[in-house]
Structure formats: structure tokens, C-alpha cells
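Listed in order, the protein sequences are those of chains C and A. Numbering-wise, the first sequence is residues 20 to 344 according to my numbering. Numbering-wise, the second sequence is residues 42 to 330 according to my numbering.
Calculated directly from the structure, the hints in this document are not laboratory data. Only a predicted model underlies this, so the values are computations on that prediction, with no experimental measurement involved. It is possible that some hints are incorrect.
As the list claims (entries may be wrong) - Away from chain C, derived, C-beta distances all over 10 Å, residues of chain A:
hint : residue
1    : L46
2    : G71
3    : T96
4    : I118
5    : F122
6    : M177
7    : F189
8    : F227
9    : L260
10   : T320
Said to hold, decoys possible - Computed footprint of chain A on chain C; a stretch qualifies when at least three of its residues, placed anywhere within it, have a C-beta under 8 Å from a C-beta of chain A:
hint : stretch
11   : 29 to 42
12   : 116 to 127
13   : 299 to 310
14   : 314 to 327
What the hints assert, rightly or not - FRET-style restraints, in silico, Cβ to Cβ:
hint : chain 1 : residue 1 : chain 2 : residue 2 : range
15   : A       : M252      : C       : L313      : 42 to 48 Å
16   : C       : S257      : A       : E158      : 31 to 37 Å
17   : C       : N101      : A       : I175      : 41 to 47 Å
18   : A       : L190      : C       : Q307      : 39 to 45 Å
19   : A       : I317      : C       : R202      : 34 to 40 Å
20   : A       : A131      : C       : L300      : 24 to 30 Å
By construction, the Cβ of each residue, glycine as well, lies at the ideal position given by its N, Cα and C atoms.
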Amino acid sequence: MMKWLKANWFYLVVLVLALVLPLVITNRYYSQVITMSLLFAIGALSLNLILGFTGQASLAHGGFFAIGAYGVAILTYTLGWNFWIALPVSALLSGFIGLLVGMPALRTRGAYFAIVTLCLSEIIYLVAGNWMELTGGHNGIVGIPTPSPISLPGLGQLKFDSQISQYYLVLFFLLFTLFIMHRLTKSLRGMTFLATAINEDLSEAVGINIFRTKLLSFVVSNFFVGLAGGIYASLIGSISPSVASVGMTFNFLMYVLLGGITTLAGPIIGAFLIPVLLEYLQFLQDYQMILFGLLLIVVIIYFPSGFMGLYKSLSEKIKKSKVGA
Amino acid sequence: MELFLQQVFNGVMLGSTYAIVALGLTMVYGILHVPNFAHGHMYMLGAYVCFFLITIFGFAYWPALAVSAVVLAVAGIVLEFLVFKPVRNAGGITPFIAALGALIILENAVVVLWGPEGHRIPNPYPGIIDVFGITMSTQRLLVIGGAFLMILLLQLFIKKTTLGSTIEAVAQNKEGSTLVGINVNFVSALTFAISTALAAVAACMVAPIFMISPSMGSLVGMKAFVIVILGGMGSIPGAIVGGLILGLIEAIGGGYFSAAYKDVFGFGALVLILAIRPTGLFGKEIKGR
Numbered sequence: 020m021m022k023w024l025k026a027n028w029f030y031l032v033v034l035v036l037a038l039v040l041p042l043v044i045t046n047r048y049y050s051q052v053i054t055m056s057l058l059f060a061i062g063a064l065s066l067n068l069i070l071g072f073t074g075q076a077s078l079a080h081g082g083f084f085a086i087g088a089y090g091v092a093i094l095t096y097t098l099g100w101n102f103w104i105a106l107p108v109s110a111l112l113s114g115f116i117g118l119l120v121g122m123p124a125l126r127t128r129g130a131y132f133a134i135v136t137l138c139l140s141e142i143i144y145l146v147a148g149n150w151m152e153l154t155g156g157h158n159g160i161v162g163i164p165t166p167s168p169i170s171l172p173g174l175g176q177l178k179f180d181s182q183i184s185q186y187y188l189v190l191f192f193l194l195f196t197l198f199i200m201h202r203l204t205k206s207l208r209g210m211t212f213l214a215t216a217i218n219e220d221l222s223e224a225v226g227i228n229i230f231r232t233k234l235l236s237f238v239v240s241n242f243f244v245g246l247a248g249g250i251y252a253s254l255i256g257s258i259s260p261s262v263a264s265v266g267m268t269f270n271f272l273m274y275v276l277l278g279g280i281t282t283l284a285g286p287i288i289g290a291f292l293i294p295v296l297l298e299y300l301q302f303l304q305d306y307q308m309i310l311f312g313l314l315l316i317v318v319i320i321y322f323p324s325g326f327m328g329l330y331k332s333l334s335e336k337i338k339k340s341k342v343g344a
Numbered sequence: 042m043e044l045f046l047q048q049v050f051n052g053v054m055l056g057s058t059y060a061i062v063a064l065g066l067t068m069v070y071g072i073l074h075v076p077n078f079a080h081g082h083m084y085m086l087g088a089y090v091c092f093f094l095i096t097i098f099g100f101a102y103w104p105a106l107a108v109s110a111v112v113l114a115v116a117g118i119v120l121e122f123l124v125f126k127p128v129r130n131a132g133g134i135t136p137f138i139a140a141l142g143a144l145i146i147l148e149n150a151v152v153v154l155w156g157p158e159g160h161r162i163p164n165p166y167p168g169i170i171d172v173f174g175i176t177m178s179t180q181r182l183l184v185i186g187g188a189f190l191m192i193l194l195l196q197l198f199i200k201k202t203t204l205g206s207t208i209e210a211v212a213q214n215k216e217g218s219t220l221v222g223i224n225v226n227f228v229s230a231l232t233f234a235i236s237t238a239l240a241a242v243a244a245c246m247v248a249p250i251f252m253i254s255p256s257m258g259s260l261v262g263m264k265a266f267v268i269v270i271l272g273g274m275g276s277i278p279g280a281i282v283g284g285l286i287l288g289l290i291e292a293i294g295g296g297y298f299s300a301a302y303k304d305v306f307g308f309g310a311l312v313l314i315l316a317i318r319p320t321g322l323f324g325k326e327i328k329g330r
């Protein structure tokens with residue numbers, strides 16, 4: 020027990036901090052920013068699975084986020100379903116469309132795969148903007164109900180209409196995603212993902228079915244981003260085709276890359292730091308995105324493994340200097 | 042029948058501009074193996090340069106087009122030097138991301154400098170010709186003629202001049218061409234310059250027909266990629282045929298089925314073709330990068 024505590028104390032501290040955070044931050048605006056960061060961290064983690072751990076640059080992540088979001092919006096608002104049924108159904112739908120699309124798309128490699136997924140994302144965007152009957156066209160869907168309350172026998176109801184309860188709801192799903200990603204990437208299956216990312220031909224030569232490996236990673240990744248999209252729709256209350264835009268994919272990409280690709284902590288750090296950074300850079304207004312583009316280029320040239328890479332190399336340097344002294 | 046011919050004419054017009062944009066992209070990929078995601082945005086920049094030369098400096102249409110091509114050639118060299126050269130040996134998804142960064146900068150810089158609204162370049166040839174019931178505006182005919190002239194000139198340059206054949210040599214074998222004394226850095230810069238200048242010419246030719254806006258680049262860039270993949274990365278004939286196919290799919294799909302979904306047909310066709318032939322119509326087997 021002590022040994023376990025010693026090895027994992029840092030994560031426990033972070034967890035406790037995350038649990039008490041909404042009690043400390045009472046400003047409604049900041050609280051909303053943080054809840055959204057947690058939500059986007061789910062999407063970033065899922066992108067990291069296909070992009071980092073499996074090495075396939077899927078640029079349709081915004082599209083699958085939108086499938087989850089529109090799924091929940093249509094099922095709860097238009098059809099009046101319970102949120103807790105609509106959410107898993109939408110996430111599964113996102114995963115299933117990922118399966119259908121992945122079968123042709125994953126036959127391609129490298130840059131081809133990136134373009135095919137980018138086109139898919141564009142198709143989803145166009146359909147969301149033009150299918151008036153289903154998606155409300157460019158106006159989107161407004162008035163999506165917040166998550167339905169859960170009745171606990173003997174304890175009353177868990178309601179999700181306050182900001183604090185929504186924060187814990189998102190935190191719960193983030194921890195769930197993190198748990199699955201942790202189990203998955205540390206498993207033998209996760210090793211085959213990584214092998215595929217490093218060298219597809221060699222992986223195939225040692226008997227890994229790379230097509231099935233990539234497909235599994237793609238489907239799991241799209242399931243989780245669909246989940247994030249579904250929660251997003253319910254918490255924000257309105258969606259428009261812009262959730263399917265390339266900009267959404269770029270945001271996820273930025274979180275993963277600046278935070279640290281192929282690490283579990285990196286995407287979460289990225290999803291947290293960048294929106295906070297953006298809040299501070301509000302005064303730059305239109306110049307903000309230019310700065311971002313510059314940052315992206317500088318990071319990819321000089322720090323390709325992002326914040327986590329920087330942290331690792333620094334801590335190794337400190338260790339070395341201690342050994343030397 | 043007349044509707045059909047009208048759509049074919051529009052499709053060929055669209056397709057020929059797509060073809061020259063895609064040509065530049067495929068050449069850069071052939072030489073540097075870099076998927077230049079910012080190519081569509083260089084196209085957009087070309088249209089803006091042309092617009093300002095005409096409206097502010099009072100240039101005539103043709104000189105504006107020529108100057109815009111030269112300006113964009115320089116911009117292409119700068120882009121290659123600042124963004125792609127440092128990641129040349131990095132492999133994987135790194136060059137993509139660098140290109141994405143460049144694209145974000147370009148689009149937002151134009152928004153900041155000149156606003157997000159659309160502009161229109163005054164049409165230098167507003168005349169209309171009527172052939173067998175098909176209306177052809179002079180500008181549209183000019184676009185088709187200009188595009189084929191550019192393709193022809195590019196072919197002559199690559200096949201008949203020594204400088205042009207160095208491009209082909211580097212595309213075929215980088216080490217080999219270094220051995221025989223070709224300066225690979227120079228050829229890379231030259232290829233980028235030609236590629237972005239071609240994009241600028243295409244943009245200037247269609248700008249009097251469509252609006253120009255900061256976001257015009259991303260869709261054209263994506264289409265150019267679709268074409269390059271349809272035709273096979275690095276294949277010049279593939280880019281020309283692919284451009285015309287995409288233009289026709291869009292015009293006929295938009296004319297007969299639904300104008301709102303015309304881009305869906307094009308992108309859908311790509312997904313379908315890749316499902317059957319993962320390396321494109323004319324592509325060779327490519328190694329995973």
C-alpha cells in the first residue's frame with residue numbers, strides 16, 4: 020500500500036485537486052471554461068489514440084464529435100429520449116460510422132489517409148448544414164435539454180442543472196476515458212498499436228494484422244470523441260454545423276501536439292493549458308490565431324514531443340546533475 | 042441535352058483550374074514528399090495580390106496576373122525555407138502539422154489585414170458567346186484556354202529544358218541527382234516557386250467569376266488534394282485528368298441533383314475510388330510515410 024502510494028502520490032494529488040477545484044473557483048465564467056477544457060480533454064485523449072499511439076493522422080475528429088453531438092441533440096430534443104440512453108447510443112453510432120468509414124479509409128496510408136478523413140469531415144459538415152429536416156440546417160438545434168436526473172433509491176435524485184454538477188459529470192467521463200485509455204495502451208493490444216505506429220511493414224512481418232489493429236483504434240477513438248460530442252451538446256444546449264468544422268479538428272490536434280503526443284497526460288495538459296492561455300491572450304483578438312499558427316510550427320520543429328517532452332528532458336537533466344553532485 | 046452540354050462546359054472550366062492548382066501540389070509532393078496543406082491558401086493569397094494590384098494600384102488585368110504570379114513564386118520560396126525545410130527529414134505527421142500551422146497563419150493574416158468579407162475583381166471580359174444554345178462567357182473560355190496553355194508550357198519546360206529536367210531527376214532519385222551535380226536545395230525552391238506561381242495564375246483567372254475571400258483557399262486546397270490522390274501523388278498526367286474528372290462530377294452532380302451537395306459528390310467519389318484502389322487511379326504503390 021505504501022509502495023503504491025509512493026509511486027502514485029502525484030496522480031492522487033492531481034485527482035484531489037480536480038475534485039476540489041469547483042469549490043475554489045466560483046466565478047461562473049471560469050468554471051465554464053474549465054468544464055469545457057475537461058470535455059475537450061476527452062476528445063484530445065481519443066485523438067491521441069489514433070494519431071499518437073497508432074500513427075494514423077485522422078483529420079475527421081471534428082466530424083465524429085459532431086456525430087455524437089447531433090446524435091444526442093436529435094434523440095433528446097427531437098425524439099424526447101432520456102439522455103442516459105441517448106448518450107451511449109450516440110457514442111456507439113459514432114463508433115459504428117467510424118467502422119463503416121474506416122473499412123475503406125484505412126486501406127490508405129500516411130498522407131492519403133489524412134486527406135480521406137479530411138474529406139469525410141467536410142462531407143459530415145456539408146450534410147449537417149444542408150439536411151434541414153434532421154439537423155436544422157445552418158441554424159442548428161437550439162434548446163437541447165441538460166442531462167436527465169438519475170434517481171438513486173433512498174438517496175433522492177442526482178440532478179445536472181448546476182455548473183458544479185456538470186463539472187463532476189464531465190470529470191467522471193474524463194476519468195472513465197483515461198481509465199480505458201490507460202488499460203488499452205498498456206495492454207498487449209496497445210503494444211500492437213504502437214508497433215503499427217512505428218513501422219507498419221515490420222509489424223505486418225511479425226504477424227500483426229495492421230488493418231484490424233488500425234480499425235480497432237479508429238473505432239475506439241471515434242466512440243470516445245462521439246461521447247464527448249454528446250455531452251457537449253447537452254451541456255451547451257445548442258449546436259450548429261460549426262461543431263463539425265475543420266477548426267474543431269485543429270483544436271484537438273493542437274491540444275494533443277502542444278501537450279505531448281503519445282502520452283496520456285499530454286492531451287489533458289494541452290486541453291487545459293491552451294484555453295487558459297487563450298483567455299489571457301484575448302486582448303490579441305484577431306492576432307491570436309496567427310500566434311497559434313506560429314506556435315504550432317515552432318513546437319513541431321523544435322519540440323516535436325510537446326510539453327511532456329520538454330518536461331521529460333528537463334527532469335532527466337535535473338536527475339543527471341544530482342547524480343553528478 | 043443543352044443543359045447537359047452547359048454543365049459539361051462549366052465542369053471543364055472548373056476542372057481546368059483545379060488541374061493547374063493540383064499540378065503544383067503534385068510537383069511539390071513528387072520532389073519533397075511534403076503534403077503542402079497550405080497550397081490552397083497560397084492560391085487565396087494570389088487572388089488577393091491580384092485584387093489589390095487592380096483596385097489600388099490601377100494595374101490592368103494581365104500585368105496584375107503576371108505580377109501576382111511572381112509575388113507568389115517568392116512567397117512559395119519563403120514558405121519552403123521557413124516551414125518545410127526544417128522538417129524535411131522528420132517524417133511521419135510532422136510536415137503536415139507544420140503545413141497546418143502555415144495555413145492557419147496565412148488565413149488569419151489575410152482576415153486581420155483585409156477583413157473577412159468577400160471582394161470581386163472587375164471582369165475584364167464581360168462578353169458572352171452563344172454556341173448551339175450553350176452560353177459561354179468570354180472569361181470562362183479564357184480560363185479554359187489559359188489553363189491548357191499553362192499545362193502545355195509546364196510540360197515543355199520539364200521535358201525540353203535542362204533546368205526542367207532537373208526537377209524530374211530529383212523526383213526520381215534524390216541521391217542520384219546529387220551525385221551528378223544537381224543542387225537539390227535549389228530544385229526544391231524552384232519547384233515550390235513554380236507550384237505557388239501556378240496557383241496564383243489559376244486564382245487570378247477565376248477571381249473575376251467567383252468572389253475572393255480569406256476562406257476560399259481551404260476548399261480549393263482540399264479539392265486539389267482530392268485530385269492529386271485520384272491521379273496518384275506525384276503524377277502530372279494524373280493531376281490533369283483528375284482535375285477534369287472532379288470538375289465534371291461537381292458540375293453534373295450540382296446541375297442534376299443538388300447544388301448544395303455538389304462538394305459531397307466530389308469527396309464521396311474520392312472515398313469510393315480509394316476504397317477500390319487505395320493508391321489512386323494512376324498511383325504506384327507508396328511506402329507508408
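Against the structure, the hints come out as follows:
| no. | hint | result |
| --- | --- | --- |
| 1 | L46 | 27 Å, holds |
| 2 | G71 | 13 Å, holds |
| 3 | T96 | 22 Å, holds |
| 4 | I118 | 17 Å, holds |
| 5 | F122 | 13 Å, holds |
| 6 | M177 | 29 Å, holds |
| 7 | F189 | 26 Å, holds |
| 8 | F227 | 22 Å, holds |
| 9 | L260 | 8 Å, violated |
| 10 | T320 | 8 Å, violated |
| 11 | 29 to 42 | violated (count 0) |
| 12 | 116 to 127 | holds (count 6) |
| 13 | 299 to 310 | holds (count 4) |
| 14 | 314 to 327 | holds (count 6) |
| 15 | A/M252 <-> C/L313: 42 to 48 Å | 29 Å, violated |
| 16 | C/S257 <-> A/E158: 31 to 37 Å | 26 Å, violated |
| 17 | C/N101 <-> A/I175: 41 to 47 Å | 57 Å, violated |
| 18 | A/L190 <-> C/Q307: 39 to 45 Å | 42 Å, holds |
| 19 | A/I317 <-> C/R202: 34 to 40 Å | 37 Å, holds |
| 20 | A/A131 <-> C/L300: 24 to 30 Å | 28 Å, holds |
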